[in-house]
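**Q** Based on the sequences and whatever the hints tell you, model everything.
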Amino acid sequence: SQYGSIIGFFASIMAISYYFYIFSGGNPAVAAIPISFILFIVIYFLFRRREKEKVEI
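Heads up, the sequence shown is in my numbering, so the first residue is 2 and it goes up one at a time.
Derived from the structure by calculation, the hints contain no laboratory data. Any given hint could turn out to be false.
Stated by the list, open to error - Ranges between beta-carbon positions, derived for each pair:
{"id": "1", "residue 1": "TYR4", "residue 2": "ILE44", "range": "19 to 27 angstroms"}
{"id": "2", "residue 1": "PHE38", "residue 2": "GLN3", "range": "21 to 29 angstroms"}
{"id": "3", "residue 1": "ALA16", "residue 2": "PHE41", "range": "12 to 20 angstroms"}
{"id": "4", "residue 1": "ARG50", "residue 2": "TYR20", "range": "26 to 34 angstroms"}
{"id": "5", "residue 1": "PHE48", "residue 2": "GLN3", "range": "30 to 38 angstroms"}
{"id": "6", "residue 1": "GLY5", "residue 2": "ARG49", "range": "18 to 26 angstroms"}
{"id": "7", "residue 1": "TYR4", "residue 2": "PHE38", "range": "27 to 35 angstroms"}
{"id": "8", "residue 1": "TYR19", "residue 2": "ILE42", "range": "31 to 39 angstroms"}
{"id": "9", "residue 1": "TYR4", "residue 2": "ALA30", "range": "16 to 24 angstroms"}
{"id": "10", "residue 1": "GLY5", "residue 2": "ALA30", "range": "28 to 36 angstroms"}
{"id": "11", "residue 1": "GLY27", "residue 2": "GLN3", "range": "19 to 27 angstroms"}
{"id": "12", "residue 1": "ALA12", "residue 2": "PHE46", "range": "12 to 20 angstroms"}
{"id": "13", "residue 1": "GLY9", "residue 2": "LEU40", "range": "32 to 40 angstroms"}
{"id": "14", "residue 1": "GLY27", "residue 2": "PHE48", "range": "34 to 42 angstroms"}
Given the structure is predicted, the values throughout are model-derived calculations rather than measurements. Where is the CB? At the ideal position from N, CA and C, for every residue including glycine.
**A** Structure (structure tokens):
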């Protein structure tokens with residue numbers, strides 16, 4: 002399907018964050034690393050899309 006790469010990306014981020022959580026001894030602050038990474042990617046794509054729309058108009 003067309004969403005396979007997106008699902009795969011988020012699944013890998015979840016797996017990496019799970020292993021960070023396990024190796025850190027159950028420290029919940031480790032969850033901030035993948036959450037901040039995902040937020041950075043989403044914000045980047047939102048701003049990039051807005052810039053493209055402004056140029057096309």
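**Q** Confirm or reject each hint.
**A** Right, here's what the structure says about each hint:
In this structure, TYR4 and ILE44 meet the distance hint of 19 to 27 angstroms, their C-beta atoms being roughly 21 angstroms apart. One distance hint, 21 to 29 angstroms for the beta-carbon pair PHE38 and GLN3, holds here, with the actual separation near 23 angstroms. Here the CB-CB span from ALA16 to PHE41 is close to 19 angstroms, well matched to the stated 12 to 20 angstroms. For ARG50 paired with TYR20, a C-beta distance near 32 angstroms keeps the hint of 26 to 34 angstroms intact.
Taking the beta carbon of each, PHE48 and GLN3 are about 23 angstroms apart, not inside 30 to 38 angstroms as hinted. The hinted range of 18 to 26 angstroms is satisfied by GLY5 and ARG49, whose Cβ atoms lie roughly 22 angstroms apart. Between TYR4 and PHE38 the Cβ separation comes to about 20 angstroms, which falls outside the hinted range of 27 to 35 angstroms. Separated by about 19 angstroms at the C-beta atoms, TYR19 and ILE42 break the suggested range of 31 to 39 angstroms.
Separated by about 31 angstroms at the C-beta atoms, TYR4 and ALA30 break the suggested range of 16 to 24 angstroms. Here the CB-CB span from GLY5 to ALA30 is close to 32 angstroms, well matched to the stated 28 to 36 angstroms. GLY27 and GLN3 have their C-beta atoms about 37 angstroms apart, which leaves the hinted 19 to 27 angstroms range violated. As the Cβ distance of ALA12 to PHE46 is approximately 19 angstroms, the hint placing it in 12 to 20 angstroms holds.
Hint check: GLY9 to LEU40, Cβ distance near 19 angstroms, so the stated range 32 to 40 angstroms is violated. Checked against the hint of 34 to 42 angstroms, the C-beta distance between GLY27 and PHE48 comes to roughly 35 angstroms, which is consistent with it.
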